[in-house]
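The chain contents come next:
2 protein chains.
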Amino acid sequence: MSTTLDPQVAARLKRTDDGLVAAVVQAHDTGEVLMLGWMSDEALARTLSTGRATYWSRSRQELWVKGETSGHRQWVREVRLDCDGDALLVRVEQEGPACHTGERTCFDADLLPLAADPA
Amino acid sequence: MSTTLDPQVAARLKRTDDGLVAAVVQAHDTGEVLMLGWMSDEALARTLSTGRATYWSRSRQELWVKGETSGHRQWVREVRLDCDGDALLVRVEQEGPACHTGERTCFDADLLPLAADPA
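First to last, the sequence lines map onto chains A and B.
At position 54 of the first sequence the residue is numbered 54 (this note's numbering), and the sequence of numbers has no breaks.
At position 61 of the second sequence the residue is numbered 61 (this note's numbering), and the sequence of numbers has no breaks.
Just chain A, same shape as in the assembly (with noise of 0.2 Å):
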């Protein structure tokens, strides 16, 4: 397993004020958009050699292993840059539900209200 990611992906990363980027985490077979997480250098080159993904918890300010304690793991099949460097898209094959709360995805549960009729 490399902690140490790639300097030349490294170079392509722009960063939040406290060094991370925006991971997009897709079903590789539904395309469902599972959750959005946080990722760190060590997370990225931890994801990228292991195959499992792994972030940065903000809350907790630690390196997190996706499904390390609730069998949730998420096995990565695709990760790409976007076109300014400062957001992930993870497609990967999802075990169990996405979500902590148990929903599939961490956006099952929040519709908010748009006008019926734009003005």
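Quick caveat, the hints were computed from the structure, so don't treat them as lab data.
It is possible that part of the hints are untrue.
Pairs count within a copy or across copies, as identical chains cannot be separated in the list.
In the DMTMM-like style, the derived pairs of lysine to aspartate or glutamate whose C-alpha atoms are separated by at most 20 Å in a straight line are [said to hold, decoys possible]:
| id | residue 1 | residue 2 |
| --- | --- | --- |
| 1 | K14 | E42 |
| 2 | K14 | D84 |
| 3 | K14 | E93 |
| 4 | K14 | D110 |
| 5 | K14 | D108 |
| 6 | K14 | E95 |
| 7 | K14 | E68 |
| 8 | K14 | E32 |
| 9 | K14 | D29 |
| 10 | K14 | D41 |
Values in this document were obtained by computation on a predicted structure and should not be read as measured data.
Given chain A, work out where chain B should sit, using these hints.
Chain B in isolation, oriented as in the chain A frame:
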């Protein structure tokens, strides 16, 4: 058009230090992840009330209606908030390519190397 966010929605947002929430943008028909944008409270209020995806440009430090100059507009079908309030999923009908480079999505160009044999 409303430029002020519903206080009940505003209370559920968990913003970055610069007051933004990440917005994952997905094509409502194909399920493709098109781009990642950032929304301030006002950008979200405008998005919900006009049905046109509106972001905060971190580089230009201004509100930005997607497609205003390029014509590559996004018509919003659905906006969802994630379980911990720090990400939005915006499902849109995309006119033309979503990426300013002319690619269909902002994630088309750059596939990162994944270890073939995870260790």
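Hint check results:
1. Taking the shortest Cα distances, K14 and E42 sit within 20 Å of each other inside one copy (15 Å), while across copies they are farther apart (24 Å).
2. In the homo-oligomer, the alpha carbons of K14 and D84 lie at most 20 Å apart inside one protomer (7 Å), although the nearest pairing across protomers, at 24 Å, exceeds that limit.
3. With identical chains, the CA atoms of K14 and E93 are never at most 20 Å apart, being 27 Å at best within one copy and 28 Å at best between copies.
4. Taking identical chains as interchangeable, the C-alpha atoms of K14 and D110 lie at most 20 Å apart only when they sit on different chains, with a minimum of 14 Å there against 30 Å within one chain.
5. Proximity of K14 and D108 under a CA criterion of 20 Å is satisfied inter-copy only: 18 Å between copies versus 29 Å inside one chain copy.
6. For the identical chains of this complex, K14 and E95 are neighbours neither inside a copy (30 Å) nor across copies (27 Å), given an alpha-carbon limit of 20 Å.
7. In this homomeric assembly, K14 and E68 never come within 20 Å of each other (Cα to Cα): the closest approach is 28 Å inside a single copy and 25 Å across copies.
8. Within a single copy, K14 and E32 get their C-alpha atoms no closer than 26 Å, and across copies no closer than 23 Å, so neither meets the 20 Å cut-off.
9. In this assembly of identical chains, K14 and D29 lie within 20 Å of each other by CA distance neither inside one copy nor across copies; the values are 29 Å within and 30 Å between.
10. In this assembly of identical chains, the alpha carbons of K14 and D41 lie at most 20 Å apart only when taken from the same copy (11 Å versus 23 Å across copies).
Going through the hint list in order, the structure does not satisfy hints 3, 6, 7, 8 and 9.
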